[in-house]
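S.K.: Since the structure of chain Z is already known, use the hints to place chain H on it.
Quick mapping for you: the protein sequence lines, in order, are chains Z and H. Read in numbering that gives the first Met the number 0, the first sequence has 578 at position 579, and its numbers run on one by one without any break. Read in numbering that gives the first Met the number 0, the second sequence has 626 at position 627, and its numbers run on one by one without any break.
The hints are simulated quantities; they were obtained by calculation from the structure and are not laboratory data. Among the hints, erroneous ones may be present.
Once the Cα atoms are required to be at most 30 angstroms apart in a straight line, the calculated BS3-like pairs of lysine-lysine come out as [claimed, not checked]: (1) H/Lys-493 <-> H/Lys-470; (2) Z/Lys-408 <-> Z/Lys-168; (3) H/Lys-729 <-> H/Lys-809; (4) H/Lys-809 <-> H/Lys-77; (5) H/Lys-729 <-> H/Lys-77; (6) Z/Lys-412 <-> Z/Lys-168; (7) H/Lys-295 <-> Z/Lys-412; (8) H/Lys-295 <-> Z/Lys-408; (9) Z/Lys-168 <-> H/Lys-295.
Computed from a predicted structure; not experimentally measured.
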Amino acid sequence: MNHLLELLVVLPLAGFVVSLLQPEAREEPVYRVVRGTVLLHGLVTLVLLVEWWWLDRPLVHITGLHLFYSPHLDFSTGYMFDGITACFALVGLFVTLMVILYSRCYMHRETGYKRFFCTVLFFYSGYNLVIYAGNMETMFIGWEILGVTSFLLIAFYRDRYLPVKNALKVFSIYRTGDVGLLLSIWMLHHLFGGDVSFYQLSDMSYVLSRQAQHYPEACFTAIMLLLAATVKSGQLPFSSWLPRAMEGPTPSSAIFYGALAVHMGVFLLLRSENLWRGLPLIPVLIAVLGLATSLVATMIARCQSAIKAQIAYASVAQIGLIFIEIACGLGELALLHFAGNAFLRTYQLLVSPSVVAYLIREQGHRDTRIVRNIESYLPESLHYRLYLLSIREFGLDLILYQLLWQPLKTAGKFSAGLISGRGVILLALVYLAGLFLLPDPGMTAAGWQQILPLSAAAVALLLALAAFAERGAAWRSWLMIIVSHYWVALSIALNTAVEPREVVLYLSGVSIAGTAGFFLLWMPHAAGVSAGRVPRVCLDDFYGMTRNHPWRSRLFLLAGLCSIGFPISPTLIGEDLMFSHIRGEQILLATLTSLDFIVVGLVVMRIYARVYLGADKGMAGGAVNRSA
Amino acid sequence: MVSVAIFQQEAGLPKLTKRTLFNNLLQANGGDVSKPDISSGTGFDLHATLDVLKALLPHQAPLKDFVHHNPLNAFQGKPFENAVSEAAQLFGYQVYLPLDEYRRRYHEGAIRADVLERILQQRHPGEEDYWQQKMLESTPVTKEPAVVGRCRARWRQLLDFSLDEAVHPGLFRWLGGYLDQGIAVWSFPRCDLGLFEAFHALESRATGGMLRSREARELLISGRTGIEHLLGLLAGDPAIYGYYLLDQQFAHPGWSGMVAHLESHPDSLLSPRTVSLADLIRVELLLEIDALACHKPHGWQLLATVTGDLAAQGNPLEQKARPDENLHACHLFQLALEWSYYQQVLAAVQASSQMLAASGHATAAPGRSFQALFCIDDRCESIRRHVEQLDGQCETFGTPGFFAIDAVFQPHDSRFSSKICPPPVNPGHLLGETLSRDKSRQSDFHHSRHSTNLFGGLMITHTLGLWSAVKLFLSIFRPHLSAQGSSSAAHMDKSSSLSIDARTGCAEDPDGVQIGYRHEEMVSRAAALLNSIGFTGNFAGLVYLVGHGASSVNNPYYAAYDCGACSGRPGSVNARVMADILNRHEVREELALQGINIPSGTRFVGALHDTTRDDLQFYDLDRLSAGDINRHRRHAAIFAEALKRNAAERARRFELTVQTQYAAHLHDAVRERSGSVFEPRPELNHATNAICIIGRRSLSRRLFLDRRAFLNSYDCHSDQDGLLLAGLLKAAAPVCGGINLEYYFSRVDPHNLGAGSKLPQNVMGLIGVANGVDGDLRTGLPLQMTEVHDPVRMLVIVEQSADVVLRTIKSDNTLLEWFANHWLHLVAIDPDSQQLSCFDGEGFVSLPPMSGDVMDGAFLHQWLETRADNLPVCYLNQAGL
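Okay, chain H solo, but in the shape it has when bound:
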């Protein structure tokens, strides 16, 4: 390394001939192969750089485990505005809506002028006019180019050669082949080895491989493949190694992010691979040296020749964000957009709370016809509303949809088990499925590997090829869920039995996962669930536990459609298992000791709501008594009607459906949608999510929230010390925040942070999607999932006194980060005084009473039929919709 620098000075020319370069390097290391090459005194810390890269790269899991997360989670330690400005300047991301769009919304009234005025007064007292002019009139100056990619662009101009274009296609194909999970028929020959070892094993055996130049092959065989050593041949100056790696890896953030993710989560692949980002970098550096050696046979200029000014500036990642008035103007607009909506919600919630206090809560709880526990998911808001509208006597609760079941589930016909609890939870229990009879599986020859082979393909095209025409015709005229799709009902068979009881003898398997639950474990899970939502008395005869899942076909993002609290799986197993546990006599006895008295007449029933099809299936009905069955029939009819209304409400957003269907057929149209191969939007998922209410249902029961709210039941009176609240927030903040911010960033920058349009996507190795064949893996959500989303950060409303909430969030630093850095907004509503106070990062500040302009829902019925946009918060007409 040292001699390279000397050579440069001596020659006075920044160009190196290849031979000299190699000789120098060999001498510098004394030709000793075993000696690790360490660039001494260079100030380049490889491990630190790798750690930074891993943090910055997208953290997206393989498709089957798609879990929502904050795409900028590397910046979460900083306040939102600084963090996004930094990300924008570093990577060139778009972090707000375009200024023009804010202005349009301002002129249309979606951003309220009074809200904007108030925000300007608070933030820039005395400078309101300056900022108002900046926001509404001035033309924005053009952005500076992003830091990432700058060095490489200069180098590219100098070399007159695009290294990326020469290296990427081969690298992606090779890496895709190595990581492939089952698309390729001819699998990678040595996937038992680590990434770099596999590269070495294949290349050193075979000529005609990836490395075409003698120099690169020599390097590989000599073993001088340390990252610093290779960087010396390309970048030259250790001060810019960091720049080099940053540019190199962020030229394909998708693949690098996947490798970085798999390095830390090797278990997310069904066919395991040993990968590391360092290995990927080594391979890529070798390929780059190879490409340069082939293209520039007489030597090449090092990157250092064009980065003299940058090396002095120091680490680009440590630089603070430059103040940017454009971004700040957008930020102010964003705040105004958010508060224009929050204000409606807060006014409505406050009014509800006041009414509740006036009517004297909990003094005489009415007798309940039945109760139902739903997931906190925003998609469950509407179905709960419809059920309650149809039966005023029923009661619904919201709780994370895994129902306190922290387990992995193994389907009867699968070799693998999958996690069915929130991603951060480490499951310690295994639930196995057994079937009384073996069901025949549907298969589809279109995905058969034979069609790829020469003679298999010959046979298939000559015979079944013509059958494809029939299949194509049917899939267009009679869409149905076929073997190709992912159906929520197929997750667990209705008639199967589950290994809920801990088995004696084989209590623990080698991985430390225990089969089923022991008695005391069942009690603790049941108590945790019921206590967290304040459901400890007043039990009705039938209590439903409704998990949710989704059904879609031709959809690589299927895992993102299922329950997030079940790690992207349907919640059917969880609901069924928890119902079973709560129905156990011995569990109820223990619960009674803890003060939860469940009457012996009460039965719990597990169920699964398919959010795409609006179907509901109940489990283990054969265990109900005849009287319970009769009562259940009445409730089932209510559920059926609610589902129909729910489908109609959802259909207002589906333009093509509304145009062509009569209202009565909307449910069928919605069902058909889930099985249509030509439908890129089987449902709209979490699009438009905006708030999360943690409190009693009575705060929101009278409100129309337009499927924009996560609702978590919580009884403030039974939790004076905030212990339950801490548990709820720790689960809700990362889950809801992850969903909300992933939608936010995918919406505001669909091309870099989102996955672009879904339509040209190509599945790579079953782990990711890319555009076309040569593309990088795309991370984030596709346009089709986010286009109707209104990008607002989530407002978390907690029904509890501000002191308790403050104590609770300060008890946990990660939790505090979400709110203190304004990635989520937090408002507490005092259950006694109904005072609203907002968390400003340090403490709670009282909010003035919200202007009470919540609309009456008189027009709601009409709006639901005619409008496709976001509807305002309004009061429900008690007579029902």
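So here's chain Z without its partners, still in its complex pose:
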């Protein structure tokens, strides 16, 4: 059984690698690999399920690979299997298989056929990592895969403006949730004094005893988990990303935003139930959040005239109800509700183009105008106000923009002003000074002990923000985020004694990816300079270079993902290590560092989008209308 469990996680990943090797020119090979992988995966899942049922449904837990070991951190993967996993595994398997079969004809002859199937399989790998995860670290790896595959599928039509813009928007909102998860992992370490698996967490009395000792930490962990769940499941105030994610081909919207990705928040809450169940306010908070979302989302759904947006908001409203069910301790009901909602919305999205023929025919049968909707019984001005609010989605998109994007922009402009020409040289000198201080942290006065790491982290954040505000050459922005990583390392090194190999682990991935990325971005710039033109690639426009340089685009995506701690580079473990050196009471330092990671992630994806996605300037037929 244990081996089966590991196989279930490895199989889709292996299939993904094989699918990448298939030729792009032909459809059949890649389709067969993807379908075969999912079918085989389904078979193994069923065998496992039967065995599990036969053994009277135990809670299975195994430890996987030890990726890194040091006295204070044991970074290992772990897997577990219980009823929740079983339910999510079955629904995920069924929906994925159906969508893959559906897409064979549907995606036929579409540019990017292979890209679509590979991304869906990669998504499925991430999904399985999340649901089979035995500890938070493993889940985080899967979680990151979900985020990046979402980005790639929303921006599937990468030469149009809106898909790319919305992909970035959704990614930035996802990133907020990721930080919630990252911070909760960090705090969990301090809460339980080391690594902890979900298996250990299933012992409620153990959890309660730890929580009683560290009450504030426990609350912080729960709230961060809730943040991650809220973002991923489109609850208030993050609901507006869901309809905007419907830019890819219909089947990808169906599997991601109808069925699986959007219910990941539900899974997170169920999985981490013991972490918040014992705290008095959190269940109430979850229920209130769910209730508010379901009411607001229902109003918005009811006035939508775009079919996919209507389905999206109706689904969000149901997830709000699922949150309430979870808060009330009705786990089984929530699972049933999840399955029903996932199937219903997937199918509704897949057949959404039918709505024209169906509803027009239906209107012939009965006069829909005589059916008064309940809102029309409201007093007139309240009715109008609510309608306009709902049409405007309660301003949620605007609020998020002002809450997330605007402060970043302002702060970015501010820090860009600080870090200009001479500032860079100054920073380099200060960095050297910092290194000089390193050998003996004890030498520094006690007061400095606090301030030095904080200021280094602040510099790192400033650099990241300046990179965010950079609208000139792409390579400059890229350089700033790489340097920013070095400052994070310095900050942590100043904070506590760090083993050199930990820093090396963290910075090795960053350095290699950084160098590669820099050259990739420098190349077109150098071409522009040698041709006697001004630097060609600036960050205030889209260049769509994927069209002419597909390999550069792929390599840059790889480099970018490495540099933001995506689970293909040691940086992920490095980031985790860095966090493990931040003490439980150093919330400010943790916040600065995690903010830095969010901004760096945003900057990298933004560079990728601006340089490689969007309409190609030299494309025949000219730029396509942005609103199209």
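M.R.: Showing chain H alone in chain Z's frame:
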């Protein structure tokens, strides 16, 4: 308005603070609200600008009434080459294939070198080498940016703020909500009001609406919302108001075009709305002022500050197209591409005509086993060919598929009636359907409004949600036409009865539409139909009238798949009604007086061909005598076999079908396709259409035309004065030309003139489709419908002497425009001398005899099984396929 200009001069700065601006404006109008603000002496003519905008915007009807039209019909008054160059320079459209693709086709031989040489000799005598080099070798210089959008781009840079991005999402949502035809559960509160009144009514009642700034709200409430007044706040200089509106509206041509269409065709919405483009512009201008006021609280620079050079240039729309050598090179290539194909067709048609003359036509018309009238549609070419191959004694005709029935049809269970005749025809008759028994309707909870509600959704997800999984599974493994689809057979129930006779007493309803036809009206329709196709004698025992329709599921473009001559509906009602009329004894008596003698033994049978499924259903067979039924059985077997062959022939283009199916199962595979929710190409419609032959069937009966030809039967000998021809051309040119040019432009510019890929589309308000949630409505045809289309303009071949044809097309200016401006090519083939002559815009010029390299169809059988590309014209093997 005047004071704005003064203020600018005084300050010496092109920036206005908002307060001053508003005060100035209020003073300029003396604070008198009732006084209309007219910018005197500005030279800006609002009405003229609106008219131009309405003409230029896409004319696409709501989805249910999808009708093919020329996307550049605003330019149709100009010669094709000038018109498309102008459109390309104005809007940045791609109007030809990319030069590289022409070169590839040239090197592959699809564009023939000799044809290209001949065209260069004709067009550029003495400069052949220069152009040849230009076309084949030189690298094209990069295009200049389009005129439209230029001002706004500059303004955007100046403001460092994208007005479009701030305004569009809200505007589209609001407009979508207002125009919605039934997707939203909570419908727009005041859709009884006009567009602007509705905006005003909601905004003035509620704070927290679309307008967030005090300034914009004040404007709305004060009533100073005239377009010119608002433009003064944004553009500043009346000389560039035209530029402003053009850029603004063409930033979302889909929505604006829809509003402009609904303004002129309010009846195309089932839930009526009163809209006008002017209202939309007012709302949008207000939203723009609002966005600027919120984003630039200290005032903003007017557009006029960056357009000093443009204002002097005058109206962008009146400027002539700049000569562009790249475009001209493409044009020459395009001509060569077209004539490389035309040449084959003309050679084959000429040869057929010569053979016909040699054999001595019409002297001894053979006895016919049966006759069948099909639609002129290119999809009917193959089924006619197969029927004729299977029964050499039968005869088929082509006529527009509405069979001269100019009516609206009201299904038994519908409150609405829909037009079933060509779009330009104004129907004066209503055909109602009554059923002997009430059929239960299938419904589908997936489209139920309850699933959108909170508790309805809760109930449905907990119960039927799991059933969705079963439905999903079945729809993938057992595809079938369900309630979700649009089935041609469901248009009219087979067992229903139709109100064909004009009812006494209630002859006319208030709309001026009469129920059914009076006796004399029936006679005139019947005579018109039979005369137009020269079918006035030699009637066989059974004559079939075969309309056509299509069945598909998960397809918002379903109306484009049905019969174009029936305004995007299946032709079943028309075929059945005309058959009924022709079977009436008293009608035949009157027809006999006009020289059309239909033997009493002849029966007409209505039928419907489903072009997606290749199914055929016959109507009113119970009215046939026993002997007729027996004969009909034999014919039905022939039709069944022909349909099977037709399905196999079509399947050669469906890559996935051919890969997986044995030939015997192709028909089933094709049928299954129509019910598959996952199939974006239930059929390929008019893709590859290229020619239209107006003449006797004998011109094309021996030819394999690969479903690329519209075939309209016409007997030149009974029409010496060209009166019948005028009628045929007036119907055929706009219908075939509209289809052909819509395919052409959707193919050459799938992103601007076509609708892009169908796969990410999102249905908006049941009237249109958009990409994603925030997108503009997409017009034109999706990639999936046009990808196999070869973009060639249509060649109309008329079998008639050139003089008669010339007289006929010159009798009607709109008709002349199609040919004189080369939107369609026209060739006449003289029935006596078999001389081909081509219309060059002024008159007919004789064409040299075409090189006779039409292939023999020996390999046809093999090609049909192995090739997916366009096949050459070839002679059919008389032994049958």
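S.K.: Taking the hints in turn, state whether each one holds.
M.R.: Cross-check of the supplied hints:
Of the pairs offered as hints, the one joining H/Lys-493 and H/Lys-470 holds, with about 28 angstroms between alpha carbons and a cut-off of 30 angstroms not exceeded. Between Z/Lys-408 and Z/Lys-168 the CA atoms are separated by roughly 14 angstroms; this keeps the pair inside 30 angstroms, and the hint holds. A hinted pair counts as satisfied when its Cα atoms are at most 30 angstroms apart, and H/Lys-729 with H/Lys-809 qualifies at roughly 12 angstroms. Proximity of H/Lys-809 to H/Lys-77 is assessed by CA-CA distance (about 17 angstroms); at most 30 angstroms being required, the pair is judged to hold.
At roughly 19 angstroms between alpha-carbon atoms, H/Lys-729 and H/Lys-77 fall within 30 angstroms of each other, so this suggested pair holds. A distance of roughly 20 angstroms separates the Cα atoms of Z/Lys-412 and Z/Lys-168; the hinted pair therefore holds under the 30 angstroms criterion. Of the supplied pair hints, the one linking H/Lys-295 and Z/Lys-412 holds, its CA atoms being roughly 18 angstroms apart against a limit of 30 angstroms. Of the pairs offered as hints, the one joining H/Lys-295 and Z/Lys-408 holds, with about 16 angstroms between alpha carbons and a cut-off of 30 angstroms not exceeded.
In summary, the hint linking Z/Lys-168 to H/Lys-295 is supported, as the alpha carbons are separated by about 23 angstroms, within the 30 angstroms threshold.
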